[in-house]
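Asker: Once you have looked at the hints, place chains F and E on chain Y.
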Amino acid sequence: MEQKKYSIKEDFSMLALLIIPVGVAVNFVGGQLASILKLPMYLDTIGTIFAAMLCGPWVGAVAGGLTNIVTGIANPVNFAFIPVNVLAGLVTGFLARRKMFSVWWKWIISMLVMAAVSIISSAPIVVLVYGGVTGGGTSIITAAAMAAGANIWAAFFGTEGIFTVLDRIISFVICWLVIKVIPPRTLVKFGCGSNYIKESK
Amino acid sequence: MGAVIECKNVTYSYPLAKEPAIKDLSLEIERGKFYGVVGENGSGKTTFCALLRGFAPSFYKGELKGEVLVEGKKTTDYGGELSAKIGYVFQNPFTQISGVKDTVFEEVAYGLENFGIPAEEIERRVVEVMQMTDIEALAMKSPFDLSGGQMQRVALASVIVLEPDILIIDEPTSQLDPEGTESVFAIIKTLKEKQKTIILVEHKIDLIAEYADEVLVFKDGQVIAAGDKRKILSDMSLLEKGASLPQVAVLGSMLKERGLPLSEIPVTEKQAIEVIARALEERKKQ
Amino acid sequence: MEKTYTERIQIHKTNKLAGLYPSVKLLVVVLYTVCTFVLGTVHFTRVDLSLLLIPWFLVIPILCASSGALGKCVKALKAVALIALIILLVQTFLVPGGEVLVRFGFLRICEKGLKTAVSLSFMIMNIAGIFVWLFQTTENKEIARALEESGMNYKAAYVFTSTLQMIDILSENSKTIMNAQKARGVETEGNMIVRAKAFFPSLVPLILGAVIGSEERVLTLEARGFSIQGEKTHLFNLEKSGAEKTAAAAAVMITILIIAGRIALWVL
Numbered sequence: 002m003e004q005k006k007y008s009i010k011e012d013f014s015m016l017a018l019l020i021i022p023v024g025v026a027v028n029f030v031g032g033q034l035a036s037i038l039k040l041p042m043y044l045d046t047i048g049t050i051f052a053a054m055l056c057g058p059w060v061g062a063v064a065g066g067l068t069n070i071v072t073g074i075a076n077p078v079n080f081a082f083i084p085v086n087v088l089a090g091l092v093t094g095f096l097a098r099r100k101m102f103s104v105w106w107k108w109i110i111s112m113l114v115m116a117a118v119s120i121i122s123s124a125p126i127v128v129l130v131y132g133g134v135t136g137g138g139t140s141i142i143t144a145a146a147m148a149a150g151a152n153i154w155a156a157f158f159g160t161e162g163i164f165t166v167l168d169r170i171i172s173f174v175i176c177w178l179v180i181k182v183i184p185p186r187t188l189v190k191f192g193c194g195s196n197y198i199k200e201s202k
Numbered sequence: 030m031g032a033v034i035e036c037k038n039v040t041y042s043y044p045l046a047k048e049p050a051i052k053d054l055s056l057e058i059e060r061g062k063f064y065g066v067v068g069e070n071g072s073g074k075t076t077f078c079a080l081l082r083g084f085a086p087s088f089y090k091g092e093l094k095g096e097v098l099v100e101g102k103k104t105t106d107y108g109g110e111l112s113a114k115i116g117y118v119f120q121n122p123f124t125q126i127s128g129v130k131d132t133v134f135e136e137v138a139y140g141l142e143n144f145g146i147p148a149e150e151i152e153r154r155v156v157e158v159m160q161m162t163d164i165e166a167l168a169m170k171s172p173f174d175l176s177g178g179q180m181q182r183v184a185l186a187s188v189i190v191l192e193p194d195i196l197i198i199d200e201p202t203s204q205l206d207p208e209g210t211e212s213v214f215a216i217i218k219t220l221k222e223k224q225k226t227i228i229l230v231e232h233k234i235d236l237i238a239e240y241a242d243e244v245l246v247f248k249d250g251q252v253i254a255a256g257d258k259r260k261i262l263s264d265m266s267l268l269e270k271g272a273s274l275p276q277v278a279v280l281g282s283m284l285k286e287r288g289l290p291l292s293e294i295p296v297t298e299k300q301a302i303e304v305i306a307r308a309l310e311e312r313k314k315q
Numbered sequence: 161m162e163k164t165y166t167e168r169i170q171i172h173k174t175n176k177l178a179g180l181y182p183s184v185k186l187l188v189v190v191l192y193t194v195c196t197f198v199l200g201t202v203h204f205t206r207v208d209l210s211l212l213l214i215p216w217f218l219v220i221p222i223l224c225a226s227s228g229a230l231g232k233c234v235k236a237l238k239a240v241a242l243i244a245l246i247i248l249l250v251q252t253f254l255v256p257g258g259e260v261l262v263r264f265g266f267l268r269i270c271e272k273g274l275k276t277a278v279s280l281s282f283m284i285m286n287i288a289g290i291f292v293w294l295f296q297t298t299e300n301k302e303i304a305r306a307l308e309e310s311g312m313n314y315k316a317a318y319v320f321t322s323t324l325q326m327i328d329i330l331s332e333n334s335k336t337i338m339n340a341q342k343a344r345g346v347e348t349e350g351n352m353i354v355r356a357k358a359f360f361p362s363l364v365p366l367i368l369g370a371v372i373g374s375e376e377r378v379l380t381l382e383a384r385g386f387s388i389q390g391e392k393t394h395l396f397n398l399e400k401s402g403a404e405k406t407a408a409a410a411a412v413m414i415t416i417l418i419i420a421g422r423i424a425l426w427v428l
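Protein sequence lines correspond, in order, to chains Y, F and E.
So for the first sequence, my numbering puts the first residue at 2; every next one is plus one.
So for the second sequence, my numbering puts the first residue at 30; every next one is plus one.
So for the third sequence, my numbering puts the first residue at 161; every next one is plus one.
The following block holds chain Y by itself, in its conformation from the complex (with noise of 0.2 angstroms):
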């Protein structure tokens, strides 16, 4: 098969352009949901995700920059955060392109890399800028364990690395029900759409 080509300028097209806002919302309403159902996890990157596996890294990239901008109005702390999201709609995208979501196995390694990518990015931000406390569900297991005496950095990985990998796994398998029931024909317009489809023989 002909690899195909991307080009930024495509990447944008006006349906890509009206995917972000719906990333950044679902971000948003995602994060709420979360709240609600009292669940242990952040849960607010779905949308980037989504964006990001339909349109590619670019404009994964600006859903989850422009989520950290717009959620920044209400609490300005999350602009310190928009490093993290651009990053996560970068990874994702390029695994998108990569077809890295098309079998088991794949997804196994994607979802690692998607959580390693987020801890990795996130950790300086919250150690560095926040003292390691960030006041969410996880940060009081953080402090605890700082308190026991461990290691900032180590406190800090331990307690986000699981929840962050099973976030990535329920962020992935949500977008993944979503994009199985959009219409091939609707699929084909988006940039990365095309890799989600089953080609008939």
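It is worth saying that the hints were derived from the structure and are not from the lab.
The beta carbon of each residue, even a glycine, is placed where N, CA and C say it ideally should be.
Mixed in with the good hints there might be a few duds.
Stated by the list, open to error - Derived list of chain E stretches under chain F, where covered just means 3 residues or more per stretch with a C-beta under 8 angstroms from a C-beta of chain F: (1) 180-191; (2) 371-380; (3) 391-397.
Unchecked claim - List time: in silico DMTMM-like cross-link candidates among lysine to aspartate or glutamate, alpha-carbon distance up to 20 angstroms: (4) F/LYS223 to Y/GLU11; (5) Y/LYS181 to E/GLU375; (6) F/LYS90 to Y/GLU11; (7) F/LYS170 to E/ASP328.
Answerer: This is chains F and E only, laid out in the frame that chain Y set:
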């Protein structure tokens, strides 16, 4: 009165589709006429509309053979300016808002802003259209706080304000209650009086019978009948092909079969009353 | 005479500070942030605490109050204050390092912890506070218009504004969907797995609906001349309050004074 839109041997397939959605279609849309488009679901009506407006293939992609000409120019050769010539109203009232405006007034004005019309003229034109579509009372409300019927009127107003000569309206009332349907048709009637070219897809065949000049019947991606509404809607052979006809037409044809000397088969209620009354009168005389 | 609709959609502010032109407000925010960092480098007491950040924070409530938006700002600052408080407590009591200053029972305060506690929490409060002032005195519509006026591409400005509306719409829709799912017997309470399971039927239809809607939205925008090239008209326009020059001059002056003071402290 010449053809304003022409389809020449148009065959169109959506991407990944095995069968074309429109097969070898050739027809002309004449200026100032009102076309009613009918047919079963999936018969190609919406695709036909999308082709006339150039959304297919520019947005839907897929493969187009033959050509669609709007005022002699191919739809594929137009850029954004086709929106000044052809207004388009969709089925779902709730997806037809710009998504960036806080009030109905601004929503209706949005298109004119994009066209760079001076502010005073926008004000004047928007107010005029809001009055015509009976939404002036909603002017300062948020577009998100409206009912389906109100929303559809706002969608119509947003298109009419651009003063296009041609309007394509795709099942505007399928998601509305009777009251909403009536208000939408009141607007369509005014548009007809203004001599606009109108292409209306509508399942409610009685409404087509009342307002349209010409009827196009679609089946399996082809036009199986086209012409004056009185001729088409009274053609009982279409019933066998799956088209629905006005109940008064079916009734009229049955009466005629049973021997009532109807001068013509009626397609609207009003016409039926007249025709049947006249026939009964004549029978009395005999 | 009745006001025109164009007149009625404008935003008029009587308060001169709240009504500042958005770009001037942004200048104030940037300069305030610079000042915060400069003041944060001034240390006092034996353990080098950045105590100046505490009185400096008083500027925020004063600014908000004179803009006539104290209530709104306090509300918005609560979330930030909570985070700052947690950081203050955790850092003060839990982070070891340096000399132990106070000890009561199992709690102890160490030098390093106290130092970062004070500077970090007040740095956050100051910077977040000035942004809160900006966003609470400026409506989203004004921000979007200012972005476009500063030369931002109209498509980017569209994405920004539409995002703000989309959040409202999807939040509304998610409530509707969640209630519908509850009515159909989806459990939203119970152990974590039960609750996690409720997450899926609430979110999947929401995203799907939004995607399908976007498709039609593209065509709607095209039909309204979104991609027409050329000058666009703007019915909504930003207004100046008249205090722009004074405010900008004051902000620049204060910044210069603070920087000068900082340099003087180094030299002396």
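Asker: Indicate, hint by hint, whether the structure satisfies it.
Answerer: Verification of the hints:
1. 180-191: violated (count 0)
2. 371-380: holds (count 6)
3. 391-397: That given contact holds, which follows from 6 residues of the segment 391-397 of chain E lying within Cβ reach (below 8 angstroms) of chain F.
4. F/LYS223 to Y/GLU11: The hint is violated at about 41 angstroms.
5. Y/LYS181 to E/GLU375: With a Cα-Cα distance of about 17 angstroms, the restraint between Y/LYS181 and E/GLU375 holds, given a limit of 20 angstroms.
6. F/LYS90 to Y/GLU11: holds, 14 angstroms
7. F/LYS170 to E/ASP328: Since the Cα atoms of F/LYS170 and E/ASP328 sit roughly 16 angstroms apart, the hinted pair holds (cutoff 20 angstroms).
Going through the hint list in order, the structure does not satisfy hints 1, 4.
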